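If you want the building blocks of each chain, they are given just below.
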Amino acid sequence: MSVKPGYVRPLDLKNGRVDMTHGAGARAMAQLIAELFARHLGNAYLGQGNDGAVLPAPMLNGQPARLVVATDGHVVSPLFFPGGNIGSLSVHGTLNDLAVMGATPLYLAAGFILEEGLPLADLDQIVLSMADVARAAGVPVVTGDTKVVERGKGDGVFITTTGVGVLPDGLDLGGARARPGDVVLVSGTLGDHGVAIMSQRDHLSFSAPILSDSAALHGLVAQLLASGADIHCLRDPTRGGLAATLNEIAHQSGVGMMLQESAIPIKPVVAAACEFLGLDPLNVANEGKLVVICAAADAQRALAALQAHPLGVDAAVIGEVRADARCFVQITTALGGRRMVDWLTGDALPRIC
Amino acid sequence: MCLAMPEKVIEIGRGPAGDDALVDLGGVQKEISLALLDGVAVGDYVILHAGYALSQLDSEEAQRTLAAFADLGRAP
Amino acid sequence: MRQHEPAMKYIDEFRDGALARTLASKIAAQVQPGRHYSFMEFCGGHTHAISRYGLTELLPHNVRMVHGPGCPVCVLPMGRIDMAIRLALDHGVILCTYADTLRVPASGGLSLMKAKARGGDVRMVYATQDALQIARSNPDRQVVFFAIGFETTTPATALAMLQAQREGLTNFSVLCCHVLTPPAMRQILAAPEHPPGGGVQIDGFVGPAHVSIVIGSQPYEVFARQFHKPVVIAGFEPLDVLQAVWLLVRQVNAGRADVENEFARAVLPGGNPKAQACMDEVFEKRDTFEWRGLGELPQSALKIREAFAALDAERRFQLVYQPVLDHKACECAAILRGMKRPQDCAIFGSVCTPDNPVGSCMVSSEGACAAHYSYGRHQDGVA
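Residue numbers (our numbering), protein chains in the order written: chain A, 1 to 353; chain B, 354 to 429; chain C, 430 to 812.
Errors might be hidden in some of the hints.
In silico DSSO-like pairs for lysine-lysine, Cα to Cα no more than 27 Å straight-line [said to hold, decoys possible]: (1) A/4 to A/14; (2) C/703 to C/714; (3) A/147 to A/14; (4) C/732 to C/714; (5) C/732 to C/703; (6) C/438 to C/455; (7) C/757 to C/769; (8) B/361 to C/438; (9) B/361 to C/455; (10) A/153 to C/545; (11) C/757 to C/543; (12) C/543 to A/153.
It is worth saying that the hints were derived from the structure and are not from the lab. All values derive from a computational prediction rather than experimental measurement.
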């Protein structure tokens, strides 16, 4: 029997597991990078194999443009959930952070902390998902890092993604720009992601046909901004749900808000799951939705722009911004009474009480 | 201490002792115990709390109650 | 919420906005001008429904809802949480609990959540079955279920213990803090602060929904008779609560004091006999039990019978209850009895907030203070 010269036994992606050698910066790690990470994420920048990626000066339409940088850590458990996995989530998350600043995303960086024992098949699937999302968005992962921690010291894998984008001149979106009289819109149904995750948690054991809404929003944002509507704030309501996002904006802008409960889009099955768990859908995480605050005169234009995009078909006007020194976010319930929409101290915990 | 929901029974006779059921609330399904009730059939509604069905929902009474909301009532 | 099609039967219909307005005008038409009505909603679930749906705004100004002590987390004294924390931190058990108790402040600035951060193996469960499963999966660890709740939740604990005994699970036990509803109602009615001694006026009760499913409507007859107060058992949905208020106003106007069952779709006069039987098989009444806010009440809580001693965490770990005084400024005691409102507490919303709760009324989403802070403080004069 003869062996080809230079033969290196490939990674066992089917049955192999991450072990401490993969993080040691030596041959095993180089193999992991070459046969797994680079295989999926490969591009000219990554191919340079240097400690950092050299990028061209930020330009937009031939003009120097402002840079936007965003970073996000991802620790979701379980790693795989209906509608996605930690990989797709990590890319969507950072793309969305750039998008809600009004930036066009250009490049991504990804850092991985792997737990000893993580099946390589899982890692392979996760990185493949990241590559798919990045490719669909036209945004390469230009540099990365990998470390391995001992079994028990990590939840399978933690991923940190950082994104860089460019901002056109004159665009100034921010949480401090909401004004009394502005209109509040959401791009679609709320609570999908949080419930999808919870339905996978062992001890909560319920089954529901709910998919995470994890998605890249920069296309939707571009369409919204192209409509010419006077947009003041854009944010994606992730952990803490709509309630947290609106309270943040209210405090940043020094305003109050009044929402209409009957106008807020919620899938019936998500509402039912929240009933089950004693949660308010307004406190549940989303990963593919926008909160839009715009000038009242442009509300319908903004709504139409959102609804014309596949990710915004369920968009709705849900309330308005008003003057309020106390910065309260309030809601008129379906029954006509008013109450506050407060933000929670920690995670929304399912209650039985 | 009373987060309890009316749920539709879609399957019975499950579980090691045969007294578990599969219930549905608006598309969300869960396996629960019927150990505290007798004579529950598929299609019935039960009120569920912390994994156990506590009572069967009487649909006629439910209709009567709904009708009573709209009824202005005369004599005390 | 805007929905694509009606989904939750027996829930959505009972939240209909148009019917709510009908009920609101019914109540407005029924109240006698110049007369004041005070009704205590005993059950924390009703407190939560009233706040969450903004029902106070739908009621006429002369109808006042007084929040009662029907929140088992709120009435649990700190000393009991301390026992659970000691089990986790000192005895190294896997402490299984419903989510509701995790943030309740205990002694030494601790809570079960903080004990978890310190290395205590505290696990949130949704049902007693989860705790049993944890015991089966961890045969070399002691697993304790922290059992709280009124009669709604007690049958689940009883069934879990019967099952544990059948299976011969030697590593499972229960820390029993179950409490009973009628003694607490009696205490509210018989309190010296109650008129004619002055203090909070209660003209009637909105009776608990799910407790009544278990115990039935009969146990309330004695309050109606002895104290001449009407009791209307109400379902959990906002329309149920509004209808119950209307029925109470009607009774008060007519000088009646009857037990009415608005929740007839689920509550029978005798309750659930099977549930009562299994509760009775496993538990018996404690001579006395300290309630936060209500003091020591005789025959008001449950302990585990001798026949199930092997499953009693208090016996197994030789736990002794140490009463702990509440924070000096904490008004939970008065609030639980309906004597004060959350906004009457000097530290409400400032020192005591959901982020940093001083008393348990601020932790549980059914607690009067948490409900008011999260849902209702826009009505107050200050932020």
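Hint-by-hint comparison with the structure:
no.	hint	verdict
1	A/4 to A/14	holds, 23 Å
2	C/703 to C/714	holds, 18 Å
3	A/147 to A/14	holds, 21 Å
4	C/732 to C/714	holds, 6 Å
5	C/732 to C/703	holds, 19 Å
6	C/438 to C/455	holds, 25 Å
7	C/757 to C/769	holds, 15 Å
8	B/361 to C/438	holds, 9 Å
9	B/361 to C/455	violated, 32 Å
10	A/153 to C/545	holds, 17 Å
11	C/757 to C/543	holds, 22 Å
12	C/543 to A/153	holds, 20 Å
Hint compliance for this structure: hint 9 alone is broken.
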